[in-house]
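*Asks:* Given chain V, work out where chain C should sit, using these hints.
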Amino acid sequence: LAKTTQPISMDSYEGQEVNITCSHNNIATNDYITWYQQFPSQGPRFIIQGYKTKVTNEVASLFIPADRKSSTLSLPRVSLSDTAVYYCLVGARLAQRFGAGTRLTVKP
Amino acid sequence: NAGVTQTPKFQVLKTGQSMTLQCAQDMNHNSMYWYRQDPGMGLRLIYYSASEGTTDKGEVPNGYNVSRLNKREFSLRLESAAPSQTSVYFCASRGAEGNQPQHFGDGTRLSIL
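Just so you know, the protein sequences line up as chains V and C, in that order.
All residue numbers for the first sequence refer to the numbering used here, where the first residue is 842 and numbers rise by one.
All residue numbers for the second sequence refer to the numbering used here, where the first residue is 280 and numbers rise by one.
Worth flagging that the hints you see were computed from the coordinates, not collected in a lab.
Treat the hints loosely; a few may be bogus.
[Said to hold, decoys possible] Here are the computed lysine to aspartate or glutamate pairs in the DMTMM-like style, where the Cα-Cα straight-line distance is at most 25 Å:
| no. | chain 1 | residue 1 | chain 2 | residue 2 |
| --- | --- | --- | --- | --- |
| 1 | V | LYS948 | V | GLU855 |
| 2 | V | LYS895 | C | GLU376 |
| 3 | V | LYS948 | V | GLU899 |
| 4 | V | LYS844 | C | ASP317 |
| 5 | V | LYS910 | C | GLU338 |
The shape of chain V in the complex, shown without the other chains:
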C-alpha cells in the first residue's frame, strides 16, 4: 500500500504561486494520484488527477516525475479564498491512501 506523506502546513501571500509536494514511494503501477481541497465544515472537493507527467485544468497543475514516487500540486496566483487543507490521494478502492493533509494559509 502506498504511504503518502505531505507537509503539515504552508504559508503564502496573495498572488504567489504555491507548490505542495506529496511523497508516495510505494505507488503501484496502476495507481492514479488525486488532489482534494477541503474547507472547514465541508467535505473534500476534487481539484485535479493525474497518472504521469503534467496535467493542467482551470484551477491547478499537477506535476508527476517519471518515477512517480512524488507529485506536486501547483496553485497559480493564490488568493485568500485558497486558504484550505489540501489532500493527496494515491490509489483507489481498498488500496488507496490519503495523506494527512497540508494546511495552506494565504496572507494578504
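*Replies:* The following block gives chain C in isolation, referenced to the frame of chain V:
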C-alpha cells in the same frame, strides 16, 4: 443537484449507545465509501462498497458495520459507541468508468461522551 447527502450533521452519544449514520447519493455511482477524519491523520477508510450487495473492510473497520441498502444508500452503524469513535465521518461515492474521482458529503460530526 444534491450529490452526496449525509444525515445527521451533528450527534452526541453516550458510551455504549448505538447509532446509524445515513448516506445517499443521486449520481448513479456504483462505489461508495465511509471514512473517519481525525486531527493530523487525514481520512482513513472504514468500509468500501464496490456495488450494491458488496462491502469490504478498509483500514479501520473495528467497531463499525455497514449496509449497502441499494445503489443509492450506504449506512454506517456503531453498535456500542466508544469515546475513541469521536470523529468526523465522511461518505463518498465514485463512478465506475475509468479513474473518476470521489465525491464527498459534508460529514457527520459525532461526539461520544
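*Asks:* For every hint, state whether the structure bears it out.
*Replies:* Verification of the hints:
About 6 Å separates the Cα atoms of LYS948 (chain V) and GLU855 (chain V), which keeps this hinted pair within 25 Å; it holds. Of the pairs offered as hints, the one joining LYS895 (chain V) and GLU376 (chain C) holds, with about 22 Å between alpha carbons and a cut-off of 25 Å not exceeded. As the CA atoms of LYS948 (chain V) and GLU899 (chain V) are separated by approximately 22 Å, the hinted pair is consistent with the 25 Å bound. Restraint check for LYS844 (chain V) and ASP317 (chain C): satisfied, since their Cα atoms lie roughly 17 Å apart, inside the 25 Å limit.
Simply put, LYS910 (chain V) and GLU338 (chain C) have alpha-carbon atoms about 22 Å apart, close enough for the 25 Å limit, and the pair holds.
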